[in-house]
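Listed in order, the protein sequences are those of chains A and B. In terms of the UniProt record's numbering, the first sequence has 5 at position 5, counting the first letter as 1, and numbering is strictly consecutive. In terms of the UniProt record's numbering, the second sequence has 181 at position 181, counting the first letter as 1, and numbering is strictly consecutive.
In case anyone wonders, no lab produced these hints; they're calculated from the structure. All C-beta atoms, glycine included, are put in the ideal place defined by N, C-alpha and C. Any given hint might turn out to be false.
Here chain B is said to cover these stretches of chain A; the calculated rule only asks that three of the stretch's residues, wherever they fall, bring their Cβ under 8 angstroms from a Cβ of chain B [what the hints assert, rightly or not]:
1) 96 to 109
2) 116 to 124
3) 129 to 135
4) 143 to 155
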Amino acid sequence: MDAEMTEQTSTTGPAGLVGVSTEPGSKKPDPIVVADNITRTFGGLTAVDVDHVEIQRGAITALIGPNGAGKTTFFNLLTGFDQPNSGSWTLDGKSLKGVAPYKVARLGMVRTFQLTKVLAKLTVIENMRLGATGQKGERFWAAPFKFLWGKQEDEVTKKADELLARFLLDKKREDFAGSLSGGQRKLLEMARALMVDPELVMLDEPMAGVNPALKQSLLGHVKSLRDEGRTVLFVEHDMDMVRDISDWVVVMAQGKIVAEGTPESVMADQRVIDAYLGAHHDTDLSELDEERLEAEVEAEIAQEEDAK
Amino acid sequence: MDILDILRAALQQALGPQAIVFALAAIGLNIHFGYTGLLNFGQAGFVAVGAYGLAVSVVTFGAPFWLGIVMSLVAPLVLAVILGVPTLRLRADYLAIVTIAAAEVLRFVFGSVEMKDTFGGSNGLNGFARPFQQANPYSSGIDLGIISFGRNDLWSLTVGWILVALCCVLVWALMRSPWGRVLRSIREDEDAVRSLGKNVFAYKMQALALGGVIGGLGGMFLALKQASVVPSDYSTLMTFYAFAALLLGGAARVMGPVIGSILFWFLIAGLGSFFSQSAGEGGWIPSVIMTDTQASVIRYIVLGLAIMLLMIFRPQGIFGDRREIAIDGR
Ligand SMILES: Nc1ncnc2c1ncn2[C@@H]1O[C@H](COP(=O)(O)OP(=O)(O)O)[C@@H](O)[C@H]1O
Ligand SMILES: [Mg+2]
Chain A
1 MDAEMTEQTS TTGPAGLVGV STEPGSKKPD PIVVADNITR TFGGLTAVDV DHVEIQRGAI
61 TALIGPNGAG KTTFFNLLTG FDQPNSGSWT LDGKSLKGVA PYKVARLGMV RTFQLTKVLA
121 KLTVIENMRL GATGQKGERF WAAPFKFLWG KQEDEVTKKA DELLARFLLD KKREDFAGSL
181 SGGQRKLLEM ARALMVDPEL VMLDEPMAGV NPALKQSLLG HVKSLRDEGR TVLFVEHDMD
241 MVRDISDWVV VMAQGKIVAE GTPESVMADQ RVIDAYLGAH HDTDLSELDE ERLEAEVEAE
301 IAQEEDAK
Chain B
1 MDILDILRAA LQQALGPQAI VFALAAIGLN IHFGYTGLLN FGQAGFVAVG AYGLAVSVVT
61 FGAPFWLGIV MSLVAPLVLA VILGVPTLRL RADYLAIVTI AAAEVLRFVF GSVEMKDTFG
121 GSNGLNGFAR PFQQANPYSS GIDLGIISFG RNDLWSLTVG WILVALCCVL VWALMRSPWG
181 RVLRSIREDE DAVRSLGKNV FAYKMQALAL GGVIGGLGGM FLALKQASVV PSDYSTLMTF
241 YAFAALLLGG AARVMGPVIG SILFWFLIAG LGSFFSQSAG EGGWIPSVIM TDTQASVIRY
301 IVLGLAIMLL MIFRPQGIFG DRREIAIDGR
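If we strip away everything but chain A, and leave its shape as in the complex, we get (with noise of 0.2 angstroms):
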């Protein structure tokens, strides 16, 4: 019995990712995402060519890569949202192949969006309020009779309340969603996600836009989450957040994985640093903007020009 809950502990989460290897698409001891072969192309751009992936359970994930890379639409495919081209793929060893999202998000795999989708009105708490699964009221029968539904209506308020307290949005609870800012927003899809009491949860850009005194109580949650048990795969740009929280790091590059590894490693790597990351892996990325990459540029040919 103790064997085996060391044996257990030894293998989930982030312990259970040392010494993994660090070739793309290595193998996890114990992954609760498997996917193969997953190809999705719009017209002629193939914006994702993903041969294997595995998502160690109970660690954080992050999932990195310049714009474009195709991020988004492989969380877009995981979760049922866009059908790839070819591919099969598995949530605790189930496929999801063809999986309505509704079904994918029953499962376990809850996710949010890169441009948030709050219930602008709606209020805060509604938002809340509509995560909880198995609500007896969202039958058409039994919602005219509150008296059925309302003491479970009772638990999950509490439940949201508490979540939104998480998230210091309980001063926002009745303001229609639609009048937060930004980076509310994103609290609150991240906490109505949570709501749903997932397995797995799915970021996608949770930091764009939050304020930077907020960024850090955040990184706070989300460490929590996996303290919970929960796995969590995310999508940032952030590199202080990447480093600072993930336990592991994939690399996508127009559509493929390119490398992954721990956070110190990845940064480290030559395949990572050319594919993405160029001179500027020390800067926050986010941070890079046209102008200073332009100038960098005209400042080398100019160089060039000199040596000539």
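Put chain B with the ligands on the given structure of chain A with help from the hints.
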């Protein structure tokens, strides 16, 4: 000009059977459009199958009256499923196109010479409403001073307004529930609802069916009140009047469509009476400016203008919540 006469005409219509038919049609549309965001431009079709469901069962197939009533509820349900299955998975505009087309197809089929034996052609069907008329408990009409209703109308109005009230209670009970919350969420962003594990298609189907059946109740009521069904009653105009009533009263509010319908008919009749008194022989508007025939249609122009102004200055309708409208979708 007789102000009392104008008021009489307006009130008679505002409380009369037309207001009931359109209140029911608009309550249905409110579930579709106001709460769920479904663009149903064929509500007249649902009203029509409600009416014909009763009439055809009893007259053509000789079914008992009660079975006719049941069919009047079942027919819109079937129509909702037929229209919903292919379109509700698609973008919102497909439903609009399919419903408006379906409503017109139904009207032409009901009025067609080829199907005259079943649907009665352009003259429609009658002779199915006797049990309804026989159930009339009133011994005489009612005179409220300014307006009065005959015995038959009084009975129809009693039944009609009770139907409207029951539908309002049902909508109120449903929309405060988690089920109603899912509908309103679908209106806002259906992908968000999917991502939280809700079967969006099933909810849209339930909304389409419920709103259709309530519209069908309007048809059933109209059929019983007139003791006949005529295809020309169910033109696209009916759908757009119902939409006008809904927007006037305020979408996504329980009482919005009812108040809207009452107001709509109050204005139509009041303006009609006003202009017919004002123009032509003895009116204060010279016939150079407005003739008799022009006077009979000017009310639609004025009402259209009024709705436009309302949409500009009070887009939420009379009952709506300003704050809700002020929020942009993104
Ligand atoms: N619906 C679509 N239609 C056409 N092209 C698309 C569509 N969605 C994504 N793409 C293309 O696929 C590529 C990957 O996009 P995306 O997954 O959004 O990248 P990322 O999230 O990594 O920035 C981009 O080149 C994008 O233009
Ligand atoms: Mg993206």
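*Would you say the segment 129 to 135 of chain A counts as covered by chain B, given the rule of at least 3 residues with C-beta under 8 angstroms?*
holds (count 5)
*How about the segment 96 to 109 of chain A: do at least three of its residues have a C-beta closer than 8 angstroms to a C-beta of chain B?*
holds (count 6)
*How about the segment 143 to 155 of chain A: do at least three of its residues have a C-beta closer than 8 angstroms to a C-beta of chain B?*
holds (count 6)
*Residue count check for the segment 116 to 124 of chain A against chain B: does it reach three with CB-CB under 8 angstroms?*
Coverage by chain B holds here, the residue count being 6 at a Cβ distance below 8 angstroms.
When the structure is compared with the earlier hints, no violation turns up for any of them.
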